[in-house]
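Trainee: Taking the hints into account, I'd like the entire structure generated from these sequences.
Using our numbering, the letters of the sequence shown map in sequence onto residues 14 to 272.
Please keep in mind that the hints were generated in silico from the structure rather than gathered at the bench.
A hint or two may mislead.
[Unchecked claim] List of simulated lysine-lysine pairs, BS3-like, C-alpha gap at most 25 Å: (1) 236 / 17; (2) 90 / 181; (3) 204 / 17; (4) 271 / 161; (5) 73 / 260; (6) 17 / 90; (7) 17 / 33; (8) 271 / 261; (9) 260 / 204; (10) 161 / 181; (11) 17 / 161; (12) 204 / 90; (13) 73 / 100; (14) 252 / 236; (15) 124 / 100; (16) 33 / 271; (17) 161 / 129.
[What the hints assert, rightly or not] What follows is a set of in silico ranges between Cβ atoms, one per label pair, in the way DEER data are often shown: (18) 81 / 122: 25 to 35 Å; (19) 271 / 200: 37 to 47 Å; (20) 202 / 234: 20 to 30 Å.
For each residue, glycine too, the CB sits at the ideal point set by N, CA and C.
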Amino acid sequence: MEMKDMIVEYHKMRPSQIVKRRTELPVAYMGVGTIEWHGLHNPIGLDGLKANGIACYLAKRLGGIVMPTQYWGDNRKEIAELEFDPKVNPWIPPQIDDHTLVIAELMQLDKNKFLKDAERCTQLGGWRLWIELMVRTLFQIETLGFEKVVIIPGHYPLFTPLQNAIAKYKEDGGACKVLMLTDQMYSDNGKSGDHAAMFETSLMMALYPELVDINELGSDLNKIPVGVLGDDPRVYASKEFGFQVLKKFEEIVSNFIKS
Numbered sequence: 014m015e016m017k018d019m020i021v022e023y024h025k026m027r028p029s030q031i032v033k034r035r036t037e038l039p040v041a042y043m044g045v046g047t048i049e050w051h052g053l054h055n056p057i058g059l060d061g062l063k064a065n066g067i068a069c070y071l072a073k074r075l076g077g078i079v080m081p082t083q084y085w086g087d088n089r090k091e092i093a094e095l096e097f098d099p100k101v102n103p104w105i106p107p108q109i110d111d112h113t114l115v116i117a118e119l120m121q122l123d124k125n126k127f128l129k130d131a132e133r134c135t136q137l138g139g140w141r142l143w144i145e146l147m148v149r150t151l152f153q154i155e156t157l158g159f160e161k162v163v164i165i166p167g168h169y170p171l172f173t174p175l176q177n178a179i180a181k182y183k184e185d186g187g188a189c190k191v192l193m194l195t196d197q198m199y200s201d202n203g204k205s206g207d208h209a210a211m212f213e214t215s216l217m218m219a220l221y222p223e224l225v226d227i228n229e230l231g232s233d234l235n236k237i238p239v240g241v242l243g244d245d246p247r248v249y250a251s252k253e254f255g256f257q258v259l260k261k262f263e264e265i266v267s268n269f270i271k272s
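Mentor: Laid out in structure tokens, this is it:
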């Protein structure tokens with residue numbers, strides 16, 4: 014069987030396939046993401062797609078099984094539709110205008126509804142529900158016979174709540190060893206990664222080339238793409254760089270599996 018035809022996703026496998034693969038290597042991979050704007054050139058579900066694509070890439074090369082991706086239950090206050098404004102977030106360069114209204118207009122949606130949903134999330138505890146969901150998920154994965162878990166958060170605001178969930182899982186007696194694999198681990202200084210720019214777009218080109226259309230961004234390089242933060246993907250993104258990132262992730266996870 015060619016690697017591209019290999020079935021490694023838990024929900025697509027028959028019991029005998031699961032038992033065989035889990036016995037060979039009791040490692041589970043899981044992507045976590047959200048539904049969020051990632052430029053005109055990328056799919057809205059990039060965070061989860063990227064994470065699941067990385068998980069499948071690793072499982073096919075190193076062994077193990079990929080669990081279903083988690084998209085829902087996040088804090089809707091921390092999404093590009095509300096945060097892509099230099100007046101709201103200091104990490105948005107001042108030369109970038111408020112893109113939140115433009116994103117809403119392009120999606121033909123009402124920004125006020127995003128604000129209302131964000132306020133509702135805040136009143137209900139922000140990340141509380143998502144953290145509890147992840148703790149339960151980790152225990153379920155442990156119950157299904159796995160000894161190590163590689164969790165890949167595709168959405169950067171997930172990092173801290175995921176760390177909190179892993180800590181709670183351990184505190185409550187969780188036995189699996191857990192690795193949180195992030196885009197920032199690609200570089201030695203922890204500064205890799207972006208939002209829908211060179212880094213994320215390159216990974217999408219490597220994993221899902223059919224879902225990316227750089228031409229949607231236009232050819233005027235003086236015009237900053239809406240909701241894109243980082244090196245211009247029209248100039249710098251490539252599938253070659255995407256595969257370079259994947260190879261580094263493979264090295265990191267291989268060392269974790271052997272530990």
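Trainee: If a hint holds in the structure, say so; if it does not, say that too.
Mentor: Okay, the hints, checked on the actual structure:
1. For a cut-off of 25 Å, the pair hint linking residue 236 to residue 17 is broken: about 38 Å separates their Cα positions.
2. A hinted pair counts as satisfied when its Cα atoms are at most 25 Å apart, and residue 90 with residue 181 qualifies at roughly 23 Å.
3. Our distance criterion of 25 Å between C-alpha atoms is broken by residue 204 and residue 17, whose separation comes to about 31 Å.
4. Restraint check for residue 271 and residue 161: satisfied, since their Cα atoms lie roughly 11 Å apart, inside the 25 Å limit.
5. In summary, the hint linking residue 73 to residue 260 is supported, as the alpha carbons are separated by about 13 Å, within the 25 Å threshold.
6. A distance of roughly 37 Å separates the Cα atoms of residue 17 and residue 90; the hinted pair therefore is violated under the 25 Å criterion.
7. Simply put, residue 17 and residue 33 have alpha-carbon atoms about 19 Å apart, close enough for the 25 Å limit, and the pair holds.
8. Restraint check for residue 271 and residue 261: the C-alpha separation of about 16 Å stays at or below 25 Å, so the hint holds.
9. The hinted pair formed by residue 260 and residue 204 meets the criterion: a straight-line CA distance of about 18 Å does not exceed 25 Å.
10. Restraint check: the Cα-Cα separation between residue 161 and residue 181 comes to about 16 Å, which is no more than 25 Å; the hinted pair holds.
11. Proposed proximity of residue 17 and residue 161 is supported: the alpha carbons are some 24 Å apart, at most 25 Å.
12. Between residue 204 and residue 90 the alpha-carbon distance is near 24 Å, which keeps this suggested pair within the 25 Å criterion.
13. With a CA separation close to 44 Å, the supplied pair residue 73 and residue 100 exceeds the 25 Å bound.
14. At roughly 23 Å between alpha-carbon atoms, residue 252 and residue 236 fall within 25 Å of each other, so this suggested pair holds.
15. Restraint check: the Cα-Cα separation between residue 124 and residue 100 comes to about 16 Å, which is no more than 25 Å; the hinted pair holds.
16. For a cut-off of 25 Å, the pair hint linking residue 33 to residue 271 stands: about 19 Å separates their Cα positions.
17. Pair hint residue 161 plus residue 129 does not hold up; C-alpha atoms about 39 Å apart against a cutoff of 25 Å.
18. Look at residue 81 against residue 122: about 27 Å separates their beta carbons, and that is inside 25 to 35 Å.
19. Checked against the hint of 37 to 47 Å, the C-beta distance between residue 271 and residue 200 comes to roughly 22 Å, which is inconsistent with it.
20. Between residue 202 and residue 234, the C-beta spacing of about 27 Å keeps the proposed range 20 to 30 Å intact.
The earlier numbered hints that this structure contradicts are 1, 3, 6, 13, 17, 19.
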